[in-house]
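2 protein chains.
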Amino acid sequence: MSAGARPLGPVPAGFGAIDGELAIAGLRASELVARAGNTPLFVYSAALIRARVTELRQALPARVALHYAVKANPFAPLLALLAELVDGFDIASGGELALALAAGIAPGRISFAGPGKRDDELAAALAAGVTINLESEGEAARALAIAASLGLRARLAIRVNPDFDLKGSGMKMGGGAKPFGVDAALVPALARHIVAQGAEWRGFHIFAGSQSLDAEAIITAQRETLALAMRLAAEAGVALVHCNLGGGFGIPYFAGDQRLDLPRIGAALDAGLPALPARFADTGFCVELGRYLVGEAGVYLTRIVDRKHSHGETFLVCDGGLHHQLAASGNFGTVVRRNYPLANASRFAAPAEEIATVVGCLCTPMDRLAERAHLPQSAVGDLVALFCAGAYGASASPAAFLGHSPAAEMLV
Amino acid sequence: MSAGARPLGPVPAGFGAIDGELAIAGLRASELVARAGNTPLFVYSAALIRARVTELRQALPARVALHYAVKANPFAPLLALLAELVDGFDIASGGELALALAAGIAPGRISFAGPGKRDDELAAALAAGVTINLESEGEAARALAIAASLGLRARLAIRVNPDFDLKGSGMKMGGGAKPFGVDAALVPALARHIVAQGAEWRGFHIFAGSQSLDAEAIITAQRETLALAMRLAAEAGVALVHCNLGGGFGIPYFAGDQRLDLPRIGAALDAGLPALPARFADTGFCVELGRYLVGEAGVYLTRIVDRKHSHGETFLVCDGGLHHQLAASGNFGTVVRRNYPLANASRFAAPAEEIATVVGCLCTPMDRLAERAHLPQSAVGDLVALFCAGAYGASASPAAFLGHSPAAEMLV
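Listed in order, the protein sequences are those of chains A and B. Counting in my numbering, the first sequence runs from 4 upward without gaps. Counting in my numbering, the second sequence runs from 4 upward without gaps.
Only chain A is shown next, with the shape it has when bound in the complex (with noise of 0.2 Å):
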């Protein structure tokens, strides 16, 4: 790296090279754009995705299922894959009730949490025969009056919110005061309650927080979040029929960032679950991913538009920006911003040769999308690859800000 420059986020493993061009999936970046017909384009790789699938099902025991957060990605052929990898999905409104029904996804295999539900969305949910996770007593009452008045057995779980959080993570979930979950000491009352309402008892969802890439922070999570489970079933006198254990697996975004050692939270898994007391050899146990299983599989592909200079540096000016990815930019919840990891995909081969800051179309100072990056010698109209692009990427970026046309998606 050149004095002045500043590092790149690692790109993730699994991309290639074909003539010096940037390849996902064995086609070249130009490949893809063709066949999009332009830019800006998301590329999603399945075999990245099933990959990453493969070895979490290696790493993890078998009594642990994996479930997908929706809410990570909601592409519909990316959808319609994980329906065939995964086991379980977790929504988190009726919107995304509706893509994982269309999708073909068993209503028993999703569930449904979230702060704010609305009637209607309890209601269809309840109809369709998903799991609600609770988030309030006042939820409950409501999704049980719904459930009533529509002649419905009503699938119910508890959200919890434990009196811990994940140590190291990008977005703490639990402890202390927060508008997701029941408090831990007023769930086994609400547990009672719904199972004497009759409802189908689904068990808890515990989720700690996200984004973490520390081994240990997440294993620690894991084994109070066990312990809370099975302490809360105890009090309430219910049978601890599923537990979500949460997510919180993180991926690396910035330079310097490691990558979460995966085997060594499975080998605690599979060490913890078998001494678990006989009262709980039924109980089944998930854990929940979302930016995990797709982040790394997606890339972003826009195209230099401008080269320009001023006060002696150098910006690449692309058609795409943080209509499309915000999180990129650094602007979504981020205090410091750090690059992603980013490549000039058209000269993916080619030795860093100049120091250029990436600019989004926006007409705002905040679209960056790499600040003083060491590059391949760029011209206009070459690729520019913006990586880890696959979770928190189309969907939750401001599309229509500015009024430019939204991205391309594609999974190849």
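These are computed hints drawn from the structure, not numbers from a lab. Treat the hints loosely; a few may be bogus.
Identical copies look the same in the list; a pair holds intra-copy or inter-copy alike.
Straight-line C-alpha distance at most 20 Å; calculated SDA-like pairs for lysine to any residue [claimed, not checked]:
hint : residue 1 : residue 2
1    : K170      : M369
2    : K170      : P368
3    : K170      : L414
4    : K170      : A218
5    : K170      : A284
6    : K170      : G98
7    : K170      : G269
8    : K170      : E356
9    : K170      : A402
10   : K170      : S33
If you're wondering where the values come from, they're calculated on a predicted model, not measured in any experiment.
On the provided structure of chain A, position chain B as indicated by the hints.
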């Protein structure tokens, strides 16, 4: 304010109460929601926009035209209203060009700024007869070539990257190395080249920053802008046909923010412009405003779906959230989160009695609409109003995030 409460931003003037409920343009919040059919809903007050334009016309010299930056809010009925009220429109994409033309705005009133204009966008704008604010020498070459290939005379202005910035600005757009505009030192040669190529020369666009509440800083930036434009025109030996003085007029979002002293800015312009040398007698001047014209005229209405307690804190969970109002959640380019102005619209006239954190329906801790706000005792079903929602709201938020429906929009 009770101990432990965090202050809310100031509710803009012009809103009243009917039967204790928030009224916008004389209509109760519940009536507006009934008209829209559902929450969440953006309501924009035409009366408040008209009043703001009147205020500007009174404060600014008649010689200074008023331009609207479409990016602030491209809602079609609002554009149609502004088409009657202001003089010019600045667009930032081919999409905004289509919206402006659809609103019946004459192309001669439109200018197109923004980095990364694609060839197809340039072609559409040139064909329509829109003025292009050139962001670089490369863009100038492309625009001239496209115009030649279309057999058209291009209407071209240069966006200048000034050597100064707007002090106290929320977003600095000038000063030092920037992706916006052409460095001042390079402008005279480019202006001569454009004129020599036979283009219709339209002058300069100089934008030093945005969202400033400091009249003195804006006056200084305008004075420097004027001096720079005159110097560049003289150096280039071209007429200063038109000079866009930029914007930067901010609105109060947060507790303690003071309103911009508009009459003071107007008085300074009124004193400065007549003193210009005679060769600028025919120069057209404008200020370009987005947020200042429409920001305070908009209210985002969302309904409380759940009321819950966690570890001693009260949470009001709404059916809206950061997917419609990203900036208000504090996650759009903000380092320190502060509360926007917010109220219980159903109990607008009621005294504050409790401290509650107002969150959205997204399953992420980022989705906070107000942190520890001092509010009337609030119930499920109440409407919540988030103010200052007229600019950079609906179109600048990740609407598809978590699969919720887009918000309705309404001009009343």
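Now for the hints, and whether the structure bears them out:
1. K170 <-> M369: Cα proximity of K170 and M369: across copies only (18 Å, versus 30 Å in one copy).
2. K170 <-> P368: Between copies only: 15 Å across chains, 33 Å inside a chain, cut-off 20 Å.
3. K170 <-> L414: neither (34 Å within a copy, 47 Å between copies)
4. K170 <-> A218: within (10 Å within a copy, 46 Å between copies)
5. K170 <-> A284: Classified as neither; 29 Å inside a copy, 66 Å across copies.
6. K170 <-> G98: neither (32 Å within a copy, 44 Å between copies)
7. K170 <-> G269: within (18 Å within a copy, 54 Å between copies)
8. K170 <-> E356: neither (39 Å within a copy, 36 Å between copies)
9. K170 <-> A402: Classified as neither: same-chain Cα gap 33 Å, cross-chain 30 Å, threshold 20 Å.
10. K170 <-> S33: neither (42 Å within a copy, 44 Å between copies)
Checked against the numbered hints given earlier, this structure breaks hints 3, 5, 6, 8, 9 and 10; the rest are met.
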